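A.B. asks: Chain by chain, the residues:
Protein chains: 6
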Amino acid sequence: MSEHELRKSRSYKDFQDFRAELNDKILARGTTITKRFFTLDTKTYESGALDVKTKELLGLSASMVLRCDDCIAYHIDQCVKAGASDEELFETFDIALIVGGSIVIPHLRRAVAFLDECRAHADCGAS
Amino acid sequence: MSEHELRKSRSYKDFQDFRAELNDKILARGTTITKRFFTLDTKTYESGALDVKTKELLGLSASMVLRCDDCIAYHIDQCVKAGASDEELFETFDIALIVGGSIVIPHLRRAVAFLDECRAHADCGAS
Amino acid sequence: MSEHELRKSRSYKDFQDFRAELNDKILARGTTITKRFFTLDTKTYESGALDVKTKELLGLSASMVLRCDDCIAYHIDQCVKAGASDEELFETFDIALIVGGSIVIPHLRRAVAFLDECRAHADCGAS
Amino acid sequence: MSEHELRKSRSYKDFQDFRAELNDKILARGTTITKRFFTLDTKTYESGALDVKTKELLGLSASMVLRCDDCIAYHIDQCVKAGASDEELFETFDIALIVGGSIVIPHLRRAVAFLDECRAHADCGAS
Amino acid sequence: MSEHELRKSRSYKDFQDFRAELNDKILARGTTITKRFFTLDTKTYESGALDVKTKELLGLSASMVLRCDDCIAYHIDQCVKAGASDEELFETFDIALIVGGSIVIPHLRRAVAFLDECRAHADCGAS
Amino acid sequence: MSEHELRKSRSYKDFQDFRAELNDKILARGTTITKRFFTLDTKTYESGALDVKTKELLGLSASMVLRCDDCIAYHIDQCVKAGASDEELFETFDIALIVGGSIVIPHLRRAVAFLDECRAHADCGAS
Chain A
1 MSEHELRKSR SYKDFQDFRA ELNDKILARG TTITKRFFTL DTKTYESGAL
51 DVKTKELLGL SASMVLRCDD CIAYHIDQCV KAGASDEELF ETFDIALIVG
101 GSIVIPHLRR AVAFLDECRA HADCGAS
Chain B
1001 MSEHELRKSR SYKDFQDFRA ELNDKILARG TTITKRFFTL DTKTYESGAL
1051 DVKTKELLGL SASMVLRCDD CIAYHIDQCV KAGASDEELF ETFDIALIVG
1101 GSIVIPHLRR AVAFLDECRA HADCGAS
Chain C
2001 MSEHELRKSR SYKDFQDFRA ELNDKILARG TTITKRFFTL DTKTYESGAL
2051 DVKTKELLGL SASMVLRCDD CIAYHIDQCV KAGASDEELF ETFDIALIVG
2101 GSIVIPHLRR AVAFLDECRA HADCGAS
Chain D
3001 MSEHELRKSR SYKDFQDFRA ELNDKILARG TTITKRFFTL DTKTYESGAL
3051 DVKTKELLGL SASMVLRCDD CIAYHIDQCV KAGASDEELF ETFDIALIVG
3101 GSIVIPHLRR AVAFLDECRA HADCGAS
Chain E
4001 MSEHELRKSR SYKDFQDFRA ELNDKILARG TTITKRFFTL DTKTYESGAL
4051 DVKTKELLGL SASMVLRCDD CIAYHIDQCV KAGASDEELF ETFDIALIVG
4101 GSIVIPHLRR AVAFLDECRA HADCGAS
Chain F
5001 MSEHELRKSR SYKDFQDFRA ELNDKILARG TTITKRFFTL DTKTYESGAL
5051 DVKTKELLGL SASMVLRCDD CIAYHIDQCV KAGASDEELF ETFDIALIVG
5101 GSIVIPHLRR AVAFLDECRA HADCGAS
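Residue numbers (my numbering), protein chains in the order written: chain A, 1 to 127; chain B, 1001 to 1127; chain C, 2001 to 2127; chain D, 3001 to 3127; chain E, 4001 to 4127; chain F, 5001 to 5127.
Hints were generated in silico from the structure; no laboratory data involved.
For clarity, every value in this text was computed on a predicted model and none was experimentally measured.
The reader is advised that the hints may include incorrect statements.
Said to hold, decoys possible - A short, non-exhaustive set of chain E residues, derived as facing chain B with CB atoms under 8 Å:
#1 L4040
#2 V4099
#3 G4101
#4 S4102
#5 I4103
#6 A4122
Stated by the list, open to error - Sample of chain E residues lacking proximity to chain B, with all beta carbon distances greater than 10 Å (derived):
#7 R4019
#8 A4020
#9 L4022
#10 N4023
#11 A4028
#12 T4031
#13 F4038
#14 D4051
#15 D4069
#16 E4087
No residue lacks a Cβ here, since even glycine has one placed at the ideal position from N, Cα and C.
With the rest of the complex left out, here is chain A:
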């Protein structure tokens, strides 16, 4: 495993920990508006006419063209948990790449690195 792989493999837990810690802080100190928006955000991806996997892929393509690494990481993790295959993820990456252009490529690189971490994490039986 290269140094980059090593550095990246530590970041899965870092990402989840920082996210959880600060979300707790925001929900403790935020207004009613903040809390309602966080609740609404979660409900948006629940199963409906579209299933959870499709909704998470939709969240992923939106996050990639808006070029938000943390949002991309979050939705990749959710897609993996919802059973998305690598083929489905790479076709979603393609749509984001063609819609959003070469400016998406640096985020694609980090997305692929993070995807491998998610798969590795899932293989260990971790949730």
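Please arrange chains B, C, D, E and F on chain A, whose structure you already have, making use of the hints.
C.D. replies: The following block gives chains B, C, D, E and F in isolation, referenced to the frame of chain A:
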């Protein structure tokens, strides 16, 4: 039918005509790069691990958060042709709305107006 | 009054009518998520630690740098109704111009044209 | 000349008139900040280590990926006045298209329509 | 104090040092345009029809929806120095969150972490 | 050399290594669409009506206003290799700064730091 509905119902044909006329002009005068990109853009939405409807919904959510009315109109038209239901389209709109925020709302208004034109156009047996 | 002024002075009512008509349509056909987001959007600008005028100016500066003409028009209308002076509005425009750059200028032109319509509309005793 | 060409050929003068009228209004009522920014914006494209044509092409590629039609129109007009060839403009369009993705295409269509207006306008001996 | 808190608490000084060092380098080597823009940027937030605190809140909401962490950090620091309360800051965060959507959330997390650093720094009597 | 300079001088190699490693991974696992887009991206900057240096400056101005640090770093490296002078680069920075506004400044800081690394790297005879 209100004045707005009337005004909007004329725009479906205008949109398609201007798009076709200028695409022809671009492909006639553009470079090899331009032409290859247009070809690649079309191929991205062909059936693969994901079906055409899902890919068009992914193109739609990406276009909505990037707030490009013409891209939204194009993908709504393609989604309708691929058999997407209003329920599926509105759940896709929701994801774009929550990811992209209230800044998406003016585009959502025009998207809903255009969706009705697409349905009306399809009902007339037009392609 | 120049032709541009005339064309623009018709657009205040057009803007409000199209906005109202399509919002009604969205709320009639949208999901629970859509409706809750619209409610949340309205509540965000209610008086709190910050007063309504300041909140509307914040919504205006955010809309200007994101370059959404309809959002800019909406918040200018709300700012005028909340008693914002031209001096306060132009200082808000400056912040958006410096943060967002010359790409904001075309939106600034339409913002100033719309501001004059709002003032003219208010002078007529219209709400 | 098609209906679209006709509609578009009227817009060159409309674009310039609205731009001039509102710029005058902004400079008459804006703050010192506003005025200084407008002056700075003009000075940025003056000849230096890079010549005017190159600087205008740089402004054009930046405007295209930020997807601002009025900014694109302005810089195309300036590029034409600075002697840019269609080959140079289409290569600049390609860079914007590849960097910014398919979301740039609707703006590329309007850019090509506007470029033809600029050439037609220049052929008439107009400035 | 958690590891994250520790890591974050080091970053306030890092942020200020890197910012100061590179600004000096830019002003030493930049053109007249660069220098004038930096001066104009500073002047934009001086007291006028709107007070400094309101202007900094406007810069903050603009920076949040444009999702620039360094700009967010800078304006939070200025807001704290201008006497903004946590209530006022969280209501500004709400407007950015609703206007800009869930894509703003990762920046909100870092904003809240940085706000706590600013408060801690101010409590130590540091400027 | 300051701590920041030191930290930054290590990042040139890190940037190139991570970029090369992940590009290899993407090209090994990506679809035909992905591979064709990467090829097209490279071909876009080849000499044509515009020379390589001008095309790289165009890629740089587009990357700066879209605020992608990795894209900015990549194009600065290519500009340096194509013989761009500091004067030409700073005039390109100015255009991005004026078009994109103060939100570009944090990226300008990192661009200037990276430019110095590129020059230092080139002085060592490295490619």
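A.B. asks: Determine for every hint whether it applies to the structure shown.
C.D. replies: Now for the hints, and whether the structure bears them out:
1. L4040: violated (26 Å)
2. V4099: holds (5 Å)
3. G4101: holds (3 Å)
4. S4102: holds (5 Å)
5. I4103: holds (6 Å)
6. A4122: It is violated, given that the least Cβ distance between A4122 of chain E and chain B is near 31 Å, above 8 Å.
7. R4019: Holds: least Cβ distance 28 Å, greater than 10 Å.
8. A4020: holds (33 Å)
9. L4022: Per Cβ check, L4022 of chain E is outside 10 Å of chain B; nearest 31 Å; holds.
10. N4023: Holds: least Cβ distance 31 Å, greater than 10 Å.
11. A4028: Fine: 38 Å to the nearest Cβ keeps A4028 of chain E off the interface.
12. T4031: Label holds. Min Cβ-Cβ 32 Å, cutoff 10 Å.
13. F4038: holds (29 Å)
14. D4051: holds (27 Å)
15. D4069: Given a closest Cβ separation of 18 Å, the condition holds.
16. E4087: holds (22 Å)
In this structure, the hints that do not hold are numbers 1 and 6, in rising order.
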